[in-house]
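S.K.: Single-letter residue listing:
2 protein chains.
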Amino acid sequence: MENVNKEITKRDVDFATWYTDICTKADLIDYSSIKGSMIIRPYGYAIWENIVAVLDQEFKRTKHVNLQMPLFIPESLLNKEKDHVNGFAPEVAWVTEGGNTKLEERLCVRPTSEVLFCDHFKKIIKSYRDLPLLYNQWCTIVRWEKTTRPFLRSREILWQEGHTMHRSESEARAECLQMLKIYEDFQRNYLALPVIVGKKTEKEKFAGAVDTYTIEAMMYDGVALQNGTSHYFGQGFAKAFDITFLDENNHLQTPYQTSWGVTTRMIGAIIMTHGDDRGLVIPPKIAPYKVALISIKNTEEVLAKLTAIETELNQHNISTILDVSNKSAGYKFAEAEVKGYPIRLELGPRDLENDSITLVRRDTLEKINLKIADILTEIPKYLDLIQEYLYNRAMARRDSMLYTANNYQEFKDIALNKPGFIKINWCGDEACELKIKEDTTLKSRCILEEEMVDNVCCVCGKPAKHKIYFGKQY
Amino acid sequence: MENVNKEITKRDVDFATWYTDICTKADLIDYSSIKGSMIIRPYGYAIWENIVAVLDQEFKRTKHVNLQMPLFIPESLLNKEKDHVNGFAPEVAWVTEGGNTKLEERLCVRPTSEVLFCDHFKKIIKSYRDLPLLYNQWCTIVRWEKTTRPFLRSREILWQEGHTMHRSESEARAECLQMLKIYEDFQRNYLALPVIVGKKTEKEKFAGAVDTYTIEAMMYDGVALQNGTSHYFGQGFAKAFDITFLDENNHLQTPYQTSWGVTTRMIGAIIMTHGDDRGLVIPPKIAPYKVALISIKNTEEVLAKLTAIETELNQHNISTILDVSNKSAGYKFAEAEVKGYPIRLELGPRDLENDSITLVRRDTLEKINLKIADILTEIPKYLDLIQEYLYNRAMARRDSMLYTANNYQEFKDIALNKPGFIKINWCGDEACELKIKEDTTLKSRCILEEEMVDNVCCVCGKPAKHKIYFGKQY
Numbered sequence: 001m002e003n004v005n006k007e008i009t010k011r012d013v014d015f016a017t018w019y020t021d022i023c024t025k026a027d028l029i030d031y032s033s034i035k036g037s038m039i040i041r042p043y044g045y046a047i048w049e050n051i052v053a054v055l056d057q058e059f060k061r062t063k064h065v066n067l068q069m070p071l072f073i074p075e076s077l078l079n080k081e082k083d084h085v086n087g088f089a090p091e092v093a094w095v096t097e098g099g100n101t102k103l104e105e106r107l108c109v110r111p112t113s114e115v116l117f118c119d120h121f122k123k124i125i126k127s128y129r130d131l132p133l134l135y136n137q138w139c140t141i142v143r144w145e146k147t148t149r150p151f152l153r154s155r156e157i158l159w160q161e162g163h164t165m166h167r168s169e170s171e172a173r174a175e176c177l178q179m180l181k182i183y184e185d186f187q188r189n190y191l192a193l194p195v196i197v198g199k200k201t202e203k204e205k206f207a208g209a210v211d212t213y214t215i216e217a218m219m220y221d222g223v224a225l226q227n228g229t230s231h232y233f234g235q236g237f238a239k240a241f242d243i244t245f246l247d248e249n250n251h252l253q254t255p256y257q258t259s260w261g262v263t264t265r266m267i268g269a270i271i272m273t274h275g276d277d278r279g280l281v282i283p284p285k286i287a288p289y290k291v292a293l294i295s296i297k298n299t300e301e302v303l304a305k306l307t308a309i310e311t312e313l314n315q316h317n318i319s320t321i322l323d324v325s326n327k328s329a330g331y332k333f334a335e336a337e338v339k340g341y342p343i344r345l346e347l348g349p350r351d352l353e354n355d356s357i358t359l360v361r362r363d364t365l366e367k368i369n370l371k372i373a374d375i376l377t378e379i380p381k382y383l384d385l386i387q388e389y390l391y392n393r394a395m396a397r398r399d400s401m402l403y404t405a406n407n408y409q410e411f412k413d414i415a416l417n418k419p420g421f422i423k424i425n426w427c428g429d430e431a432c433e434l435k436i437k438e439d440t441t442l443k444s445r446c447i448l449e450e451e452m453v454d455n456v457c458c459v460c461g462k463p464a465k466h467k468i469y470f471g472k473q474y
Numbered sequence: 475m476e477n478v479n480k481e482i483t484k485r486d487v488d489f490a491t492w493y494t495d496i497c498t499k500a501d502l503i504d505y506s507s508i509k510g511s512m513i514i515r516p517y518g519y520a521i522w523e524n525i526v527a528v529l530d531q532e533f534k535r536t537k538h539v540n541l542q543m544p545l546f547i548p549e550s551l552l553n554k555e556k557d558h559v560n561g562f563a564p565e566v567a568w569v570t571e572g573g574n575t576k577l578e579e580r581l582c583v584r585p586t587s588e589v590l591f592c593d594h595f596k597k598i599i600k601s602y603r604d605l606p607l608l609y610n611q612w613c614t615i616v617r618w619e620k621t622t623r624p625f626l627r628s629r630e631i632l633w634q635e636g637h638t639m640h641r642s643e644s645e646a647r648a649e650c651l652q653m654l655k656i657y658e659d660f661q662r663n664y665l666a667l668p669v670i671v672g673k674k675t676e677k678e679k680f681a682g683a684v685d686t687y688t689i690e691a692m693m694y695d696g697v698a699l700q701n702g703t704s705h706y707f708g709q710g711f712a713k714a715f716d717i718t719f720l721d722e723n724n725h726l727q728t729p730y731q732t733s734w735g736v737t738t739r740m741i742g743a744i745i746m747t748h749g750d751d752r753g754l755v756i757p758p759k760i761a762p763y764k765v766a767l768i769s770i771k772n773t774e775e776v777l778a779k780l781t782a783i784e785t786e787l788n789q790h791n792i793s794t795i796l797d798v799s800n801k802s803a804g805y806k807f808a809e810a811e812v813k814g815y816p817i818r819l820e821l822g823p824r825d826l827e828n829d830s831i832t833l834v835r836r837d838t839l840e841k842i843n844l845k846i847a848d849i850l851t852e853i854p855k856y857l858d859l860i861q862e863y864l865y866n867r868a869m870a871r872r873d874s875m876l877y878t879a880n881n882y883q884e885f886k887d888i889a890l891n892k893p894g895f896i897k898i899n900w901c902g903d904e905a906c907e908l909k910i911k912e913d914t915t916l917k918s919r920c921i922l923e924e925e926m927v928d929n930v931c932c933v934c935g936k937p938a939k940h941k942i943y944f945g946k947q948y
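Residue numbers (our numbering), protein chains in the order written: chain A, 1 to 474; chain B, 475 to 948.
Honestly, the hints are just simulated from the structure, not real lab data. Predicted, not measured: the structure shown is a model, and the values here were computed from it. Do not rely on the hints blindly, as some may be mistaken.
[Claimed, not checked] Below, a list of computed lysine-lysine pairs in the DSS-like style, where the Cα atoms sit at most 27 Å apart:
hint	chain 1	residue 1	chain 2	residue 2
1	B	K509	A	K82
2	A	K285	A	K305
3	A	K60	B	K779
4	A	K35	B	K554
5	B	K713	A	K35
6	B	K499	A	K60
This is chain A alone, in the form it adopts within the complex:
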């Protein structure tokens, strides 16, 4: 039987095909008969379930509650906030017929739910006692993308969207940054992604936001993946929807708003950051199965021992997957590599005679000979090591593709020849941002929280206001 991973395109030969190969060969997705709508298969969905479990707990720890808004938005409601509708209307799907009759008003399938939340908030917010409102929704959204890629850009997206209302600007801004920090910590600590965090430019911010903060992850090929955003809305939506509350002194006030979201795109980031030519590599903390148990030969003793090891690991909350099929050992190893299980344990009759077992790290492919009696103490150590190694390897790679350009010629040289992010000083003027895009196709990634000392804009030479990263994006 042929090894499954032989069919995977080499990562350095064709990164795009390598990516979709991993998506399908690791059983993460299947294409459906609807263009741009993928099937998230059980193994891919199990990663999402793990992501949801951790984030949902974080949201609840910070006093957020979940709810469920409608799937549809009437056209008139979508039109209520001008910037917002301009941003989203071109890419929505419209329901025009229901139950065999033409609808009086078109309904779009939600591309995001700000207007639905505002419509509801207007009804339920009356007094300062009703604030803050800290709401979150896990749901499916639809954006009618022209070109689609699994997880990265699809017509249907699984995500969460937080929507909160506050008495004061400072409280809303603190909320916005708190959620950004939760996303950042989660992506660093669970997904092993060395993300860069900052503020979007006016041009790149969310349609309707005052400020958009972003999590930018750099993929293996140096291209950016925007991997989560947190928006401070100020009072824009609240005013458009006429949402008010009575403060402690019985004065009518307008509340301050945030929204924030992350999507299944994070699974794309895991693939494109940690995967290799043999397949997927999943960080242990988010892996559906942390340990694959593989029989090299199916003797009664080997099967009994593997089952005993599985039971013991499960009892210690270490999830496992057991492969005692009649396929060849080589095939089973390859399958475990394609699937990216952090650790595999190989057991054959000879190992059993020596009370030993072979541990293979998926990150380094290193083989370690263990005493069977030491499994319970060694496995957690290796899981930690792998988690740390993946983060550090991604960080080193990312750092090797971070550049600073001191003048525009230098910027263009790097932009046109080297993948990665380029840091420049920027005057803050959209004209310079547009010029860069036109000359190099690079877009601004995020404005950094760094001090400016007598610097000039890399593009126009006028006094600079910000340090900012530019890069290509998915």
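Could you slot chain B onto chain A? The hints should help.
M.R.: Showing chain B alone in chain A's frame:
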């Protein structure tokens, strides 16, 4: 301040308005600007989260895995199984425009996902080794209902749909009945619903099924709520979609299929079974907050003691909600009753002097004086008592509305004068079922697993094949 529950319509005066009053006054739902699409507010959604947590664990215990299918179904795909499309096409919502252009083919928003699963199964099932496939999906479906009521009949429904494929009929039938049993046990043990379980008639079965099994719950007003179904499909869909597998002897075979689902409708059943004139009553095992802690007067000592009690209960996994607002004690009691918290604990300065606290059961409204030191041992006992009491009360009420009719005149007398279910002997002929519907509006609920001994059909007098219940339905 007026008591919130004074605004609730009396249950025996106008049951329908009482029901929607509970839905809105207990903050379970809000109406949205889209007809028939409700907002499930945080308190209502928390009940659903508890339901999902228990059922998902049961599905995983029985080896099912979750995945996510597309939201849309192309018209041509929906048309693949004749009975199925005839059942669903009249009540779907159609997406006809996406991203500012008219679509070449209409897409319906899934009313259920059989055809999507079959389309996928055809690709991934090759050998007997791939079976059984035990899949489940938690998602939103859309059915374009004309008349809608929160939870009971809405255009958008949150639900789960299990879809499984098997090597043999016996295995598929066992799966179908296994899931029915999981639903039944869950509804009895967690939702305290004394449900009746049986098989649907040919006329009432799911579009495309060989057999449909149903969970029928009887509401306070004697009307049935179909509260979950499990279908055995045989090979109908598999043949329509040309799904085959190679068996152990390398022969091409057609697999056997099931599907099964429950929805947010179960929340409607909780309301209409346990609620009363004061509001909602939630069975403890599914309640988002098992205990409400209420201060009668906000002295420093009272607040400190309530906080300490809350911490202690939470540490023992008893969820609580603390009301130390400045509202009157009466208002707070009423609010706790509307929300249906199983137990409320009332603490004032005088109680504190005596080291005592008042426990009020939501089911019986009985007041019990407890020593504060005994809370941790007493609360779990009362939660169990309440759970049991709710089940027994619902069972006694249900039993009081179960009738047996020995001839058709008797049947019509009961049907036209008394709410509830009527058991009859039935020949199995659809003509008799239709006659009953025409004469009385009652529909068949379910065929029972009971022996027939020389009985004749209640309608036509021919030999009877089944014992069957008839009743009005939501």
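S.K.: Holds or violated: K499(B) and K60(A), Cα atoms, limit 27 Å.
M.R.: 24 Å, holds
S.K.: Straight-line Cα separation of K713(B) and K35(A) no greater than 27 Å?
M.R.: With a Cα-Cα distance of about 25 Å, the restraint between K713(B) and K35(A) holds, given a limit of 27 Å.
S.K.: Does K554(B) lie within 27 Å of K35(A) when you go C-alpha to C-alpha?
M.R.: 19 Å, holds
S.K.: Given the hinted pair K60(A) and K779(B), is their alpha-carbon gap at most 27 Å?
M.R.: Roughly 25 Å separates the two Cα atoms, so the pair holds.
S.K.: Check whether the Cα positions of K285(A) and K305(A) lie no farther apart than 27 Å.
M.R.: 26 Å, holds
S.K.: Between K509(B) and K82(A), is the straight-line Cα distance small enough, at 27 Å or below?
M.R.: 24 Å, holds
Hint violations for this structure: none, all hints satisfied.
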